[in-house]
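4 protein chains.
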Amino acid sequence: MSSSQLVRVAVAGASGYAGGEALRLLAAHPFVEIGALTAHASAGSSLGEVQPHLRGLAHRILEPTTPETLAGHEVVLLALPHGASGQVAAQLPDDVLVIDLGADHRLESASDWEQFYGSTHAGTWPYGMPELIHAEAPGADLATAARQRDKLPGTRRIAVPGCNVTAVTLGLQPGVAAGVVEATDVVAVLANGYSGAGKALKPHLLASEALGSAQPYAVGGTHRHIPEIRQNLRAAGAPDVTLSFTPTLVPMSRGILATATAPLAPGADPEQVRAAWEAAYADEPFVHLLPEGQWPSTAMTLGANMALVQVAVDAAARRVVTVTAIDNLVKGTAGAAVQSMNLALGLRETAGLITEGVAP
Amino acid sequence: MSSSQLVRVAVAGASGYAGGEALRLLAAHPFVEIGALTAHASAGSSLGEVQPHLRGLAHRILEPTTPETLAGHEVVLLALPHGASGQVAAQLPDDVLVIDLGADHRLESASDWEQFYGSTHAGTWPYGMPELIHAEAPGADLATAARQRDKLPGTRRIAVPGCNVTAVTLGLQPGVAAGVVEATDVVAVLANGYSGAGKALKPHLLASEALGSAQPYAVGGTHRHIPEIRQNLRAAGAPDVTLSFTPTLVPMSRGILATATAPLAPGADPEQVRAAWEAAYADEPFVHLLPEGQWPSTAMTLGANMALVQVAVDAAARRVVTVTAIDNLVKGTAGAAVQSMNLALGLRETAGLITEGVAP
Amino acid sequence: MSSSQLVRVAVAGASGYAGGEALRLLAAHPFVEIGALTAHASAGSSLGEVQPHLRGLAHRILEPTTPETLAGHEVVLLALPHGASGQVAAQLPDDVLVIDLGADHRLESASDWEQFYGSTHAGTWPYGMPELIHAEAPGADLATAARQRDKLPGTRRIAVPGCNVTAVTLGLQPGVAAGVVEATDVVAVLANGYSGAGKALKPHLLASEALGSAQPYAVGGTHRHIPEIRQNLRAAGAPDVTLSFTPTLVPMSRGILATATAPLAPGADPEQVRAAWEAAYADEPFVHLLPEGQWPSTAMTLGANMALVQVAVDAAARRVVTVTAIDNLVKGTAGAAVQSMNLALGLRETAGLITEGVAP
Amino acid sequence: MSSSQLVRVAVAGASGYAGGEALRLLAAHPFVEIGALTAHASAGSSLGEVQPHLRGLAHRILEPTTPETLAGHEVVLLALPHGASGQVAAQLPDDVLVIDLGADHRLESASDWEQFYGSTHAGTWPYGMPELIHAEAPGADLATAARQRDKLPGTRRIAVPGCNVTAVTLGLQPGVAAGVVEATDVVAVLANGYSGAGKALKPHLLASEALGSAQPYAVGGTHRHIPEIRQNLRAAGAPDVTLSFTPTLVPMSRGILATATAPLAPGADPEQVRAAWEAAYADEPFVHLLPEGQWPSTAMTLGANMALVQVAVDAAARRVVTVTAIDNLVKGTAGAAVQSMNLALGLRETAGLITEGVAP
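Chains as they are written, first to last, in UniProt numbering: chain D, 1 to 360; chain G, 1 to 360; chain U, 1 to 360; chain E, 1 to 360.
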């Protein structure tokens, strides 16, 4: 595709946080023309009524989400509630690039889907995490290992990863692939901003409850992102993955700070651990290993398509500790969608995406 | 200037919040090449050490702020402590565009400067608020009234307005210029994010003190932005301006929400008040009057070069109430600098600037 | 009443924020025994399910709000939605002390009620602001002026003031009563914590929307607390009151920081202004004028039955500026209820109430 | 001691957060008279200047911290920087109850102290965590196991635990003592409020940096609380303790939410895990196991001497996950000091302490 042509992109679910963030990014994309914006309950409203921060699109009217309104676009982004995208996607032509920001098409295992989501699996689409390492077994040469980005050019279906999944996967996969950590006892605890919960009107999501407080949710092995993280670390070479995963809501709107730790592999040289992360991310535009001693904060990544990673070895605890910061709505959702779209369409991977966070 | 050439811009004071924000915007500017970055105490460090959110510039080394390091640039941004820019600017050639993000060159009245800043006035530079209305007297035709942007093309010195000043001025000036409000008893109270206070290490700026709390500062007519607001409203046609101004720090990093109210002018028709704001901002790219009934929040403007304004008439109180939201570091500082730079250089006014806020 | 006997207190509306806060205070009250706890939708639940922070009462079961469940108590606190307390109160015996934390019985003017609340006025009860000054006209001797506390002993009906009303009234009334400010052009702008909005599930009250943002509401003379503030300042001696009132939601759960300003009275000596506030609050246990130069923050009052006030004269603006901090749920609601209850029952006014805020 | 006599308590370090919080609690203690308040840099100031939230003590003058100013008290609380209390304590008589809120006397192992604090060990004092379980080996009968409270009556020296230590220890010790978890691979990740860092003026503690962001610190086995947690879990019966510990700063002033996980012991019945926590805390006044399915938030404990704990078994991960919420300044510091003081003096353990958090 020549970049002098504009790609016409529709966004279904434009009234939600994921859809709004996709529009914020697409509005700044040099090769995109924003087409239909659709919604469910808000259909008929102007976008400015529900997303007043998107000034350039404020006058646009939200249409209902139907095959007709979504027709005539080269790309359709589905930012729909979990479980809703399968049906909509089935009505779209095969040659349209359909990018699902929801969970429906992420998992390869139908039984995982059924166990964690409690419904029938909609199928598996190519996975929209370009940096995912593919290794047959631990001990891969990270400079030459295959990445998921190799699988995206030309695809017409993309499943965007879960936000927590992105943070934990990017934090740990270099060590897994290089064989310096073991994935048999991964523990991840996350500090999460409230936008990850969407616009649902639930008491524990009220500002009065959230301000000045921290609270966990989905503790004890029930969170739906668990099978997806396990799937990714297996892709990175782990024969088996055991994961304890606990997200905690903290008083910020955006951001994930994921502390993920795994046992140091027997025989691994602590002095060589950092080298795996350096090799894995030396050339990545949107995943940076920070200089030694500097730790990520979520503010560093606010609004940016960027994951910042740091790693340390705790010799006494015989564990490698990683901390990864992302903006859950950008690198965790809409930025990953645009990055993958760029790859699928043959555009420059970085087109329309920025790496500078809005800090402080 | 042809926009195919890149303008080479130096930033003095690149380690502070204003300098960092200028770099964030300049990094995304299509016609800018970022030149020297200078600092005082941080000279010798990499930018990544002090501004880790600016990934694309992380490897750049901060140089000391000297005429030599600032030489060879078409534009020099001064993001220095108040009082420091006069001396630096005096050492720069006349044909270099020098943009002062500090206060030194904003005020026209030397006695105002001396009263509020307690030092010798450095002089007055063209004022970097393109939307400022110039009217001889109340009752101007806002569709044709002169704006400050008319004075900026070709200038080589620009004084960027104060952040609070921008919010209050943009909120009230349409009514002042149109003569529907009187500036003789303006009251403005602001909710301010902490980044406006800079990186100074003071006890009341600690997170532990700020979180969960609101506190006023500079109450009772002492804030340095008072004479600048008065100057602007006089430019907009007010024969005399009396202003009660109270900023309050609230627990957010960025943002100003300015509630500014002025008496309804005798004889003004309440039904016609809104028309003044509509006329004033109908064509402004970076100042929007929201649809009736929708009120601005600072989140709507986060990271964007955008002021959102709403106005209401309180008939019982015989006052017009305006609320204006900006990001203090963008439209309040660095965005205004870039917008004014564009005008001074003959570039498109909107180049490199976005209007979409990072919300939620 | 001898304080060796325990007063049995029921709380209707124990599932909401006001009811929960009343219980928090009553649980620490040396002369109170907590009786029935009632609720509407939550009836049948344990208190621990809806107010898990009240550990000592966690096992108590919420009953429905009926005359039967509320029978057998010497005091009944009504923490009900606006409009609901009139009917419940009518079913309670005359010799029971009924304290309405809602708005229904605050206003003296039925037409004010109808204009701002849009329903039939339920009647006027003795007003639960013990510190309210009663003066016939400006120029009162504040050392000897009557206070509302004189009217409370023995009463069996109390209307607790609105939270914003408390902050603005306490801020301005000394100057009004002393005649050093004029109430003809009062402007008040408040920074408000989100708990003031209750547990209502509305989109703009979500944490994701609130965090990092400030937003106004009820702008332009529509807020229901306006007639109540006007009523209070008239009680303090103002012949007429004109009020511009704008609340703004800022990212904290509790607290009100009210900036309230009024014109300096013609002929008033700026040097003598502070003396009015000193005289008004010299002996008040729960309203303190801070030492000159120290400004209140809401954190100073968190959890405490305390209003902190500071005042300054802005000679150039010819205005007196006051800033008042309270915890909206304590001095703004439940603390005022307990304080007034103490007075009505002949207990020590300060019983069970603390003045130390939970800071930082 | 008869509780009709008042105990005279001095607070050294009254200008800091720990000292201020101790004063807030002591001011409400029925059996305490507050004596000398001392400070270092703030000596000579009124308490109101540095702790304006403590209204009842605002007029008290801070004295220098010397043996003379601290003389004549039955209790001296030392809220001093780490390393400073040893010297002060050495100058106090043996029959004075000295309670060290700092770290100096917590550790039993001098080599642990030297490794983590880098100075000479000041010695070990009785440990002020009344709920600490003492067990010879895993498998203890928690209904009859010894607690640290048995060792406190009559003591005249108390070392108050670290705040993070309290949260992690209370979360995990029931499982360790009962033998249902193994302490050989404990992983703890904490969300911490900023007040835990004290009033130190450091850039990363500024509100502008903290708001809207989460950041880790002391990652990789370097945090000073690690040896203290290990010491406690050994006391609870663990033959050996390995701990990965990562604190993260999140945007709240107070509170710790500690997610602590340990492997399920081989042979332990997942159905029986909860029983250990129930048995351990059934009679504790200040540590509550929440009902199944309800998870703690820090807001539930704000200002209260309360630890709220929940536990779940993640069968797939073969780990037990605990989440514990405390207010770092109360149960984490000053509340533990008062609770231990009560025990040492023979007062009711709960005197002057409340369990109701200030929520929302």
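The hints are simulated quantities; they were obtained by calculation from the structure and are not laboratory data.
Quantities reported herein were computed from a predicted structural model and do not represent experimental measurements.
Ideal placement from N, C-alpha and C gives every residue a C-beta, glycine not left out.
Don't take every hint at face value.
Below, a list of computed lysine-lysine pairs in the DSBU-like style, where the Cα atoms sit at most 30 Å apart [claimed, not checked]:
id, chain 1, residue 1, chain 2, residue 2
1, E, K199, G, K199
2, G, K202, E, K199
3, E, K151, G, K199
4, G, K202, E, K151
5, U, K151, D, K199
Counterexamples of contact, computed for chain E against chain G with all Cβ distances above 10 Å [said to hold, decoys possible]:
id, residue
6, T69
7, Q87
8, D95
9, A110
10, E136
11, E292
How the hints compare with the structure:
no.: 1; hint: K199(E) to K199(G); verdict: holds (16 Å)
no.: 2; hint: K202(G) to K199(E); verdict: holds (10 Å)
no.: 3; hint: K151(E) to K199(G); verdict: violated (48 Å)
no.: 4; hint: K202(G) to K151(E); verdict: violated (43 Å)
no.: 5; hint: K151(U) to K199(D); verdict: violated (48 Å)
no.: 6; hint: T69; verdict: holds (24 Å)
no.: 7; hint: Q87; verdict: holds (26 Å)
no.: 8; hint: D95; verdict: holds (36 Å)
no.: 9; hint: A110; verdict: holds (32 Å)
no.: 10; hint: E136; verdict: holds (41 Å)
no.: 11; hint: E292; verdict: holds (31 Å)
Of the hints listed earlier, those the structure fails to meet are numbers 3, 4, 5, in rising order.
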